[in-house]
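Novice: Using the sequences and the hints given, assemble the complete structure.
So the protein lines, in turn, are chains A and W.
112 is the number that the working numbering gives the last residue of the first sequence; the numbers go up by one with no jumps.
1849 is the number that the working numbering gives the last residue of the second sequence; the numbers go up by one with no jumps.
If you're looking for bench data, these hints aren't it; they were derived computationally from the structure.
There's no promise every hint is true.
Straight line, CA to CA, 20 Å or less: simulated PhoX-like cross-link-like pairs of lysine-lysine [claimed, not checked]:
1. A:K27 - W:K1075
2. A:K74 - W:K1078
3. A:K40 - W:K1078
Quick look at which bits of chain W chain A covers, simulated, 3 or more residues with Cβ under 8 Å [to be verified]:
4. 1721 to 1727
5. 1764 to 1772
All residues carry an ideal CB built from backbone N, CA and C; glycine is no exception.
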Amino acid sequence: MAFKGFLVDVEYCTGCEACVLACQQEKGFSEKEYGMRVTKLGPLKLGEKDYQYDFIPQFTKWCDLCADRVAAGKQPACAQHCQSRSLEFGSIEDLAKKVFREKQVLYALVDE
Amino acid sequence: MGAENAAEKTVGTGTPIQVLSDIFGGLIPERTDVMANERPIQWEEDGYTVMRGHARSAPGCHNACGVLMYVKDGKLEKVEGDPENPYNQGRLCSRCLAMTDVVYHKDRLQYPMKRAREDRGKDKFERITWDEAYDIIESEFKRISAEFGPETIMSCQGTGRDIHQVTRLTASLGSPNEGVPYFAGNSCYLPRIASMACMLGDAAVMDCSQFLPLRYDDPQYVVPELCIIWGHQPFYSNADGFFGHWITDLMQRGMKVAVIDPQLTWVAARAGENWLRVRPGGDGALAMAMLKVVIEEELYDAEFCDYWVYGLEQVAERVKEYDLDELAERSWVPKEDIVRLARQYAAAKPAAIQWGVALDQSTGGQQAAHAVVALWTITGNLDVPGGNVIGRPCWGIAQPNWTGTWGYDELLTPAEEPGKRMGADRYPLFGVGFKNLSSNATFESWEHEPGVDDGLYGPYKFKAAYFVTNNFLACMGAQTKMQLERWYRKQLEFIVWSDIFMNPSMYALADIVLPVVTWAERIGFGGLNPYSISCINKCIEPLYDTRPDQTIFMELGKRVARDGIVPGTKGEGDELDQAMIEKLERQYGITVDTTKGVNYQDIAYPWDTVEEMWDYALKQGGFTWKELQHSVWKMPEFKYRKYETGDLRDDGGLGFQTPSGRAEIYSMVFQFAGGGLDPLPAYVEPIESPYSEPELAKEYPYILTTGARIPHFFHSEHRQIAKLRALHPDPLAFIHSETAAKHNIADGEWFWIWNNHGKCYYKASFNDTYDPRVLQCEHAWWFPERGIADPDVEAGPFGVFESNCNNLIPLPAGVSGFGANYKAMICQIGKDEPPVSNVPDKPEVRKFD
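Specialist: Set out below in structure tokens:
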């Protein structure tokens, strides 16, 4: 298996949802179709001066990893426009080597 | 330019004060060091023609991101970020990524319309031609000008748009009045700009390397050790030429953050112990407390203060007057948190403060900003890499810069500007060079009865207005339903309105509607930033029968410019103003015939095309608009520590462009402004707070803050864009679950919020990170899907008055004329509609001393 997908840095996703719109524009989707949505966690109070407030993108089956863009040497639309640079596209095997701290998530999407 | 603009003018007390807005308007000598090469501006790719440009209004935005526009068969198919643009580096936010949905939306205004004055608020618009629209505007502006004086005609802007050139149109009529007359205390950035300009002679911004084309890779740049994000949610607001995600770029490069905010924002959750949950309106107390700690523990940069700062001793005396425990109590932040953050900020080298509009939006906003500017100044973080750095309009090109204005200097006499400007002689800071009309003076003038000594200001009342892409009933008007019914609908005899969509304010008031284009349909340059001049590049023809705002200004300007001789250009000897003559000859490339003089009509709009107008506006940069287009953006060379190299002062001397030549934390400009303002930083308690009015606060026990941005909407815009609205369908009020439980309000349930000024209706969203005494409402909501309604319906057109927290905002401004309580109201809440009217019998418009 040789999966392609994303390394999502949950520590830095600010929940701006630029990825959702980048995807909809690229694919010509309506407001009811999307390659991804962003889910919110928190804000939670975990203890004195300790909080968690995170966002994480989840992908739908509509996502084809922007095959046309990638074939033309570009990034998938969501990854290019991600304002916090928390979506890195590549092969899961390579991306796994880039995990260097907690709150980083590998999302396998397409088996090639 | 330079010498004649820097001339001292006498204002207020008779003390000479340099006109500060000129600092933003062209004092930098002409330079040609363009750090931008030609780059391809257009190419073919996969069946598309791709064009580079910048996203700069309409719709509104405070940024000017680089875009690639993909066009097929004359239609804009998609918009992507330009990876080569140093500003956004290939990124875009959701709004630009929905741009095609804006451009081709079915509700775009398509042609000019008129409506009789007596039908305001009714569905009685009638299609007309541009010529008819211009004929009506010309005839009404000329009538009103002759009958009441040109100063009774004002232009009013929506924020975050490249429409500041309208200042030239109003000036060409002979009116100095441009601004935001409905916006109490002019409470957006101007209080902070005023404090910076008076203290430093300039405005400063957090340095995220945005002045350097190589950005984070530039060897000059230093990543801040610590950034205090103060009353600000940069990722969603992208305020005032600041691309919010520069903050995440820097966090990824090791910068630590501290956050001062009543809400646990995303970034506050990453600040650990340094999230300081300030009371809305208590920012000034917190700033003064931090300043006290830094001074009394001698944590400041003594050498920098010794060389470059004026007033450290006086500020030390001032902070002695305050008790740290009391300041902590007023701010609702534990003292140990304040002391720790003050120490960490002073120790971090460099450290930056990135602040938001929360500092402006309380009675003491200007004084709080003074304390914050003092903090970054005495710690030696001023104009150093990674600190707060001084920026100026690139090459002195003032046109895209709101504070710079455009056209005032040659089209108005001193008797008109500031002589006739609304409130310039009423509120001190409006007299020292901020060429905006005063909103609070406008409020007073509406209520003033001519000939009666009622203590209110009122040399005249406004009679006509040109609202340029503005929706003040939803956005920034305080008590707007009252303003609409009591003032705007009755007092204004003639109202022109432009926008890309019909909005509730236009629907309620416009006599003439002018449909304008988006940034994809026009040429120009922007934006409101001192880093680069960015080309706005047309990729498609204007849709329907629409025109660019700037084309309208030029076409109208040619018709309405007044007939008269520019003083000092006709006659001989002492009658002549040589400086003005030289300026006109240099700027317009003309030779002045002093036997005839120069007529305003000949210089107001001497251009045949908008591109020629831009060539004129760009002249100081030494390049034409076409040349700008072919490099897409141009950045002037940037220098740090400009006070060490003589780059800030007109006379080329070292230091700052201030009376003392130093960074004045004791501000002589404040001291001598108008009737005199406090020259030192201070804490000013908001009016109508639990401390200033404890009895009233018993009736209204909660504090309401507003204005936290939603990433998908620019203020009231984008509500009709289905993809964006789907991500955020309803107006939310954030409330602690314990507070909600006391009033039997469930999560997701709609409830009422009210005070002595008005009421509003919101959907509850529980958030237990708020202080239980604090709520937050989203602002600028209206409901395009509801359509128009009878003007007598309580909720107003498109439901604009329903979920409108502005109904609760008191009108008075701070002593300087700046700052009003947009983010610090007192309120009560409940599930049942309260018996409160949004139109009080008599609004409180008194000047606040």
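Novice: Take the hints in turn and mark each one as holding or not.
Specialist: Structure-based check of each hint:
no.: 1; hint: A:K27 - W:K1075; in the structure: 17 Å, holds
no.: 2; hint: A:K74 - W:K1078; in the structure: 15 Å, holds
no.: 3; hint: A:K40 - W:K1078; in the structure: 28 Å, violated
no.: 4; hint: 1721 to 1727; in the structure: holds (count 6)
no.: 5; hint: 1764 to 1772; in the structure: holds (count 3)
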